[in-house]
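*Asks:* Here is how the chains run, residue by residue.
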Amino acid sequence: MDFLSEQSPEMLPGNRSLPPLQGAIEAPHGTTIVATSFPGGVVLAGDRRATMGNMIAQRDIEKVFPADEYSAVGIAGTAGLAVEMVKLFQLELEHFEKVEGAQLSLEGKANRLSTMIRSNLAMAMQGLAVVPLFAGYDIDRDKGRIFSYDVTGGRSEETGYAATGSGSIFARGSMKKLYREDLTQEQALTLVVQALYDAADDDSATGGPDVARRIYPIVTVITDEGFRRLTDQESSEIARSILERRLEQPDGPRAALL
Amino acid sequence: MSTPFYVSPQQAMADRAEYARKGIARGRSLVVLQYADGIVFVGENPSRALHKFSEIYDRIGFAAAGKYNEYENLRIGGVRYADLRGYTYDRDDVTARGLANVYAQTLGTIFSSAAEKPYEVELVVAEVGTDPEGDQIYRLPHDGSIVDEHGSVAVGGNAEQISGFLDQRHRDGMTLAEALKLAVQALSREPGGGEREIPAERLEVAVLDRTRPQQRKFKRIVGRQLARLLETESAASTPTDAPSDAEDGDSTGTDTGRASGSESGSSEETDK
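If you're matching them up, the sequences are chains A and B in order.
By my numbering, the letter at position 49 of the first sequence is numbered 49, and the numbering carries on one by one without gaps.
By my numbering, the letter at position 54 of the second sequence is numbered 1054, and the numbering carries on one by one without gaps.
Where hints are given, some of them may not hold.
Unchecked claim - Computed footprint of chain B on chain A; a stretch qualifies when at least three of its residues, placed anywhere within it, have a C-beta under 8 Å from a C-beta of chain B:
no., stretch
1, 83 to 91
2, 94 to 100
Said to hold, decoys possible - Cut-off 25 Å, straight-line C-alpha distance, at most; resulting in silico cross-link-like pairs (DMTMM-like, lysine to aspartate or glutamate):
no., chain 1, residue 1, chain 2, residue 2
3, A, Lys87, B, Asp1093
4, A, Lys87, B, Asp1058
5, A, Lys87, A, Asp224
6, B, Lys1067, A, Glu100
Keep in mind the hints are simulated off the structure, nothing from the lab.
We treat Cβ as the ideally placed atom computed from N, Cα and C, and that holds for glycine.
Produce the entire structure from the sequences given, and follow the hints as far as they go.
*Replies:* Right, here's the structure in full:
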């Protein structure tokens, strides 16, 4: 990173000069990312839609990426900038690991991402914000942790569950009612897909499971064994089982009233 | 005003080469071998923190004999080169050939620049391919030349004798345990012709394993896994060596511990 800024600073996202703004910039935006922790790890998932204004720009975009062996980042906001930010973030973690011979602490990784978001503030003011969700397994504390961010790079650790993006309000409401502290890994996986379904239900910019095109959410899980992305087969099974239940109960599972 | 002594360029270069060779010879040797599923690096290294082998990129590994601070410098340069390349273009565009060229340039420039002392290092840059034919191993001596190696290569103090030993016995398609056994046998040969025992704790072993599902193929073999591999070796076959190798008296004592250099960080075991 330091080397890059010395050698070719124009390649870093923060150092580009922007043309004067003429009207709103139309660029694809990614939408909803959700995460939840369970004893033994953390689950991070994202829908597959990218929108440009009221148009669907892409149906099968991927918004959840492994950052390194024990962490992952999901991105909401301007897709092009976000993907590049993730690429640089991955590079930096790997570079540090190779040069120092040891991994950064999870806290260190979260702080680094915070600085990267802040460097994008100028663009965020022009409507090109990037707001990621960072989740990882903390090897030192033996648990999964979730960090959420705002456009200014403000970082806050979340307990239990978190969501970001346009559908996050609905997803968070859904998870609030479904989350329990003693979730198993399978239940946590179902929980995040439920939350994405609810987000897609009420937010037009979030895509639900697309059975006809076989496009299902990207679901990843990080445990002490490292990062793993569920295969299409696995995530389609979860999505289909939820879909099946929703045919009878369109609003999804009901929480107890009292 | 005094006139400086005239030293012929041949003499100057010969002196510098001699200086570098002596420095390298003081270090312990290490070997790099091809085996069926990749490339294995084996060396004797009493330190857990100062590595002789390390990962440069997805498929590229680095091994060095000589002075620690000098090769560490080159290693970090290599990691930077590779990461910058991979970020600018694509991960596939980082190749061992490109990296070896950069190293050769650097070493060559330092070697022939009168202002600097030549680096006392000898490097090996290896890249594992998708099949054994795609494997590449380059050896870079102190003067900046590149030698394209196949099968096996040894660098460091007793290199000539060890590579002679390896050339005779190395064959394609060895298993990891076989290759490891051969490497340890080769390393335990004394310059005088005798043999000594190298305990597992003093071995540093790393592989570039093409069968690893991850993108990054480099992996250190430590602890129980190493002990298991060394065990299968002794159980599987009895050592068959008693050939009379010519003892080239090229090196002096190999057991002067190298104390130069700084700690690079805690020991690592990041892969699962």
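*Asks:* Determine for every hint whether it applies to the structure shown.
*Replies:* Going down the list of hints, with the structure as the test:
1. 83 to 91: Three-residue rule met by the stretch 83 to 91 of chain A, so holds; n is 3.
2. 94 to 100: holds (count 6)
3. A/Lys87 with B/Asp1093: Distance ~16 Å between A/Lys87 and B/Asp1093 Cα, so the pair holds.
4. A/Lys87 with B/Asp1058: Holds, at roughly 15 Å.
5. A/Lys87 with A/Asp224: Holds, because 23 Å separates the two Cα atoms, which is no more than 25 Å.
6. B/Lys1067 with A/Glu100: holds (18 Å)
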